[in-house]
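**Student:** Chains as they are written, first to last, in my numbering: chain A, 1 to 227; chain B, 1 to 370.
Hints listed in this document are in silico derivations from the structure and should not be mistaken for laboratory results.
Backbone N, C-alpha and C fix where the C-beta goes; we use that ideal spot for every residue, glycine too.
One or more hints might be untrue.
Heads up, incomplete: computed chain B residues facing chain A, CB under 8 angstroms, no partners named [stated by the list, open to error]:
1) F34
2) F111
3) Y160
4) L164
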Amino acid sequence: MAEILNQWIPNVMVRTDVLWQSFVDTIVMVGWSGAISFVIGIILGIALVITRPGNIMENRVCYQVIDKVVNFFRSIPFIVLLCGLVPLSRLIMGTGIGVRGAIVPLVFGCAPFFTRQMEAALSDVSPGLIEAAQSMGLSNPEIIVRVYLKESIAGIARGVTITIISLIGLTAMAGAVGAGGLGNFAIMYGHDRNMPDVTYTTVVILVVIVTVIQILGNYIAKKNTHE
Amino acid sequence: MQDGLRSDAPVKDIRYLEKGGIALIKFEHVSKTFTNNGKVFKAVDDVNIDIKDGEIFGIIGYSGAGKSTLVRCTNLLERPTSGKVYIKGEELTAMSEKELRAHRKKIGMIFQQFNLFASRTVYENVAFPLKGSGLGKAEKEKKVRELLELVELEEKAAAYPSQLSGGQKQRVAIARALANDPEILLSDEATSALDPRTTKSILNLLKKVNKEMGITIVVITHEMQVIKDICDRVAVMKDGKVVESGNVFDIFAGPKEPITREFVENTTTLSRIYELVDAKSDVTKLQPGQIILRSNYLEKNVSEALVSQISRKFNLDVNIIFGNVELIGDNPIGGLVSIVQGGKKDIEDALTYLKEKNVGVEVILDGRNS
Numbered sequence: 001m002a003e004i005l006n007q008w009i010p011n012v013m014v015r016t017d018v019l020w021q022s023f024v025d026t027i028v029m030v031g032w033s034g035a036i037s038f039v040i041g042i043i044l045g046i047a048l049v050i051t052r053p054g055n056i057m058e059n060r061v062c063y064q065v066i067d068k069v070v071n072f073f074r075s076i077p078f079i080v081l082l083c084g085l086v087p088l089s090r091l092i093m094g095t096g097i098g099v100r101g102a103i104v105p106l107v108f109g110c111a112p113f114f115t116r117q118m119e120a121a122l123s124d125v126s127p128g129l130i131e132a133a134q135s136m137g138l139s140n141p142e143i144i145v146r147v148y149l150k151e152s153i154a155g156i157a158r159g160v161t162i163t164i165i166s167l168i169g170l171t172a173m174a175g176a177v178g179a180g181g182l183g184n185f186a187i188m189y190g191h192d193r194n195m196p197d198v199t200y201t202t203v204v205i206l207v208v209i210v211t212v213i214q215i216l217g218n219y220i221a222k223k224n225t226h227e
Numbered sequence: 001m002q003d004g005l006r007s008d009a010p011v012k013d014i015r016y017l018e019k020g021g022i023a024l025i026k027f028e029h030v031s032k033t034f035t036n037n038g039k040v041f042k043a044v045d046d047v048n049i050d051i052k053d054g055e056i057f058g059i060i061g062y063s064g065a066g067k068s069t070l071v072r073c074t075n076l077l078e079r080p081t082s083g084k085v086y087i088k089g090e091e092l093t094a095m096s097e098k099e100l101r102a103h104r105k106k107i108g109m110i111f112q113q114f115n116l117f118a119s120r121t122v123y124e125n126v127a128f129p130l131k132g133s134g135l136g137k138a139e140k141e142k143k144v145r146e147l148l149e150l151v152e153l154e155e156k157a158a159a160y161p162s163q164l165s166g167g168q169k170q171r172v173a174i175a176r177a178l179a180n181d182p183e184i185l186l187s188d189e190a191t192s193a194l195d196p197r198t199t200k201s202i203l204n205l206l207k208k209v210n211k212e213m214g215i216t217i218v219v220i221t222h223e224m225q226v227i228k229d230i231c232d233r234v235a236v237m238k239d240g241k242v243v244e245s246g247n248v249f250d251i252f253a254g255p256k257e258p259i260t261r262e263f264v265e266n267t268t269t270l271s272r273i274y275e276l277v278d279a280k281s282d283v284t285k286l287q288p289g290q291i292i293l294r295s296n297y298l299e300k301n302v303s304e305a306l307v308s309q310i311s312r313k314f315n316l317d318v319n320i321i322f323g324n325v326e327l328i329g330d331n332p333i334g335g336l337v338s339i340v341q342g343g344k345k346d347i348e349d350a351l352t353y354l355k356e357k358n359v360g361v362e363v364i365l366d367g368r369n370s
């Protein structure tokens with residue numbers, strides 16, 4: 001086995017430690033920025049849905065502000081965010097480079113996207129269900145948890161899946177500007193030092209990660225769909 | 001199972017007592033206005049209704065008449081623009097959000113689209129309103145089982161709503177609406193999405209809920225059949241206003257407003273005579289001296305042998321084209337369409353005789369002068 005690998009991907013096999021570190025870096029970046037984006041996205045997604053005209057906490061100003069801010073950050077190319085947020089990153093994380101330095105721009109790139117995913121998932125909850133819950137005397141926070149969130153678990157799972165996969169793409173881009181991770185690994189060796197086997201190996205690993213996440217997401221969504 | 005259903009909460013409003021506890025729900029000059037793109041639309045216009053404890057009260061109207069908005073004023077899902085709503089003498093429209101939520105728990109509601117939670121099983125749907133009710137786990141379970149038994153769906157407890165038929169979904173919705181032992185059940189077009197047979201079974205269930213548990217039911221519908229089958233009293237709505245209201249029997253026997261007449265006509269076959277006359281059908285080709293007579297039994301006199309009486313007394317030939325007798329509550333109501341032949345004077349006397357007997361008469365086609 002080892003012999004075959006040595007023969008097929010010689011440049012990878014001599015630096016498995018670097019590969020492992022890159023893999024860990026990617027997971028750390030996706031994990032942290034994903035988790036933070038999840039919290040921000042779910043809060044903003046809920047806020048967008050419930051403050052929309054005609055909904056339980058209708059609030060024009062609140063809705064418009066969130067809506068426009070989300071649009072603003074979604075329209076900035078990620079590569080621009082990467083460079084533009086370096087000062088903010090230094091302020092929050094203490095550094096603008098490396099894995100730590102990438103998390104702030106990753107959150108800014110990912111959270112607005114995830115917010116829209118959450119908004120779409122929560123919007124699928126029929127207004128009739130909200131009305132039924134209100135007629136039973138539920139308060140707004142109860143409606144958010146017991147109706148909005150509970151009824152859209154499948155949609156949320158699908159949104160999370162799509163978001164994580166696109167986040168993995170973003171980390172590869174962050175890698176290009178020195179954040180580490182698998183993207184960085186592929187660029188540094190595969191491209192810059194002309195080692196195609198490194199590039200191919202990275203691609204295969206990414207395909208495997210994406211596939212596993214997609215399967216997991218589909219499974220959770222299916223488990224929670226009763227239609 | 002409904003022990004303790006009637007709460008003996010102190011009555012805060014004297015008006016409730018004055019009437020001897022008659023008006024369970026009271027609408028006082030209730031209006032609701034919507035503004036859409038600068039256009040003002042009066043969905044409910046100065047409605048005054050008293051709904052009595054223990055009755056089934058129907059509100060009928062075409063879509064857009066404001067009946068759904070009005071029923072939502074009962075639990076303030078829609079807040080009236082002006083006017084007051086009382087439940088058991090307490091003014092709902094003056095309550096804080098928190099008080100209002102507590103009251104809503106005592107007002108069950110079912111919907112045309114059932115509005116079951118798709119991600120929860122039948123059991124979980126029925127148990128849904130019980131969270132925070134203070135019942136223990138075992139009590140909750142007992143309660144849900146009892147409710148499922150009431151709606152005859154015990155064996156479906158573990159099923160998801162998507163696995164149920166429309167009628168079964170509405171039964172689950174009814175069980176869920178009854179979970180908190182409400183005193184009032186609001187039914188918003190609950191049978192409008194169901195086929196006639198399922199509609200009957202749901203209506204029977206509502207009747208049972210009313211009779212056995214003493215729950216007052218407010219039924220919103222556009223089908224007179226529903227009113228006829230289960231309601232004690234009815235209000236007819238048009239353009240946001242209640243144009244006519246009263247006992248269902250009286251409304252059927254003597255509808256006053258054109259729209260009420262339309263609703264009543266739609267439930268009988270008698271009105272088909274007008275179509276036949278318009279189509280100049282063979283049935284309606286009269287010999288000279290004949291008339292087509294429509295008679296409506298306004299009072300409970302259906303059982304009298306009026307047809308044979310007039311034919312004997314006035315020497316008339318009476319040929320019945322349509323007949324329709326139905327039961328509203330326990331009272332028969334109905335009418336006949338017939339071709340009457342005889343002497344001019346005899347026919348005139350017969351009509352007078354029928355009017356004296358309190359039978360509504362209408363000459364639909366007159367061949368006496370041709």
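**Student:** The structure should be examined with respect to each hint, and the outcome stated for every one.
**Tutor:** Checked hints:
Annotation: B/F34 was flagged as interfacial toward chain A, and the flag is violated, the nearest CB pair being 11 angstroms apart, outside 8 angstroms. For B/F111, the shortest C-beta to C-beta distance to chain A is roughly 6 angstroms, which falls under 8 angstroms, so the interface hint holds. At a threshold of 8 angstroms, the smallest CB-CB gap from B/Y160 to chain A is about 4 angstroms, leaving the interface hint in force. Checking B/L164 against chain A: minimum C-beta separation of about 11 angstroms lies over 8 angstroms; hint violated.
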